[in-house]
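Asks: Just need the whole structure built from these sequences, with the hints factored in.
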Amino acid sequence: MAGDVKVTLLNSMILEKAAWVKLLLLVLVLVNTKLAFANTALVLRAPGNDFSEVVSGMSDDLEGDISFSELVVDAGTRVGDVAKQIKKHQPKVIVLIGNSSVNLYTKYQQAFPDREFPPSIALAALFVDKFIPFIKNATGIRYEIPLVTSVVNMRLLMKKEIKKVGVVYRSWMQDIFDENVAYCRAEGIELVGGKLPNKDRNMNRKIKHQLQGLINQGVDVIWLLNDNQLINQKALKKAWLPLITRSKLPVIVGIKSLLATKLNLGSFAIVPDHYGLGVQASSVLLEIMENNWRIVDQGIEHPLSVKQIVNVTILNKRSIQYRKSLLSQVDDVIN
Amino acid sequence: MHSKQAIFLIFTLTFSSVVQAESLFVFLPTQVRAKVMQQQISQICPELEVTVFGRGKDFRRQIKNTPPSAVLSLMPIIERLGSFDPVLKGAKNGQTREKYVIVSVGRPLTMQDIAQKKIGVVDLLGRKPMGEFIAGIFPVAVKLKRVTKTEDLLPLLTFGSVEAVLVSESHFLQLKAKSNLNLVASSSNLTMSLVNLALSGANAKEKLLRCVSRFDDKINSTLGVDQWLAMSK
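Chains as they are written, first to last, in the numbering used here: chain A, 1395 to 1729; chain B, 610 to 842.
Bear in mind the hints are in silico, worked out from the structure with no lab data behind them.
27 Å max Cα-Cα, derived BS3-like pairs, lysine-lysine:
#, chain 1, residue 1, chain 2, residue 2
1, A, 1554, B, 827
2, B, 827, A, 1553
3, B, 827, B, 644
4, A, 1486, B, 737
5, A, 1701, A, 1650
6, B, 827, B, 787
7, B, 785, A, 1553
Replies: As structure tokens, then:
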């Protein structure tokens, strides 16, 4: 009898232990299932604070709905690294931040042409709209700030009315120029252009010629595009600086370093707000998620959020009048 | 050496707890940059530790980490925090509430026009609560396009990213002053109180009321008010 009781107890203990093991297994299965079904976004991003700010903007906004895994892309990152990350995380969507990420992911798609690619969104990369057609199942947000955003912010600050803006551009940027002409027209601003060939032995001479032409047409402001063929040390020294200094015109630039007082070139910089760019990207990601992880009628967007920087030393040096009381609306004032 | 460090640590901790200032958090959408407003309020109220937030997410995170003595914000934001009691309400031209309008380009829109369309708003509450807030106001379902700063609403209209934006009447006037687009407004049936001061307890009440009473025209104008009224219980 006592032996029976012992056996029964032993049996029940074993059964209890088995039940616990089963429960544990069930929990593990559920956890794994949840992981497998989790909405993961794989972020391929270039190194740097600006790009990590973009990720913060996205992950802050989508907390609880989409989790983010990151691969920082540097010179040593290969297509195989991307393949490994995709296999590991099984992402529902891929976010490409910076030109190096866009290039690497394009190579990844080319290396595995028969695979199904999740939707991807490219941002914080220069001229992203020129690269997106080469990526399957992709959309994006441009990095370049349209002139209209810059000039609308700037004219509020300026005492003199701004009616005409001049820009020198290369012919491959014709569509960008045309688009900006239309946006500016809606705001009552005329954008006039000095068109250059894509390549030329005497590019600096041609820049100087076109810039002088714009000044002669009586433009109120010069808009400097982020194009390394147009803005480099030689071009600055030979073409831009001599004419800009003489004309005393305000210059809108797209990079903060071009506002340096020593350089004596730019007076206003309108640059992307990287956190805001991340929040904007999160709304694109949400739309993709709501459409069952598909890109449906989502064109390439313009950046919405910007930071304004003003160099008042240069404004003062060129005797350009501005409303001091409105400097409180500017993100950064260089004195 | 170790005992000296320990004494210094105890002294520092004791001293810091004695002189720790009451804190005021400010979060509301304005054209003026947060750091500028923070400097202005801090100058007027040096006895308070003032932090002005430009982004809702930072404000909510900081409230959790180091709850302040008081907040200056809009009522829906204060209500969501839960643990703050409003004691002062801002008024402008005798009014403590302001109408909100639907701003579009070209022609005014009715509620039916915006059904299922994208509407731009400044994100005051965070993604999900903001969606719930708007769903509770609008008789039709809309898709929200949220931005972090007030000035980001104009580009939404410029690039046709949304059908319309939802802004206060005073913000509509600012948009009209800034842009040459044919901006038109229609009623949204939403009115919201202007900025309020709310406290987390009664400890620092007098100090905080004194601080707000010292606000000059410049600060009040930035906050969108010209007068402060006590809340009736």
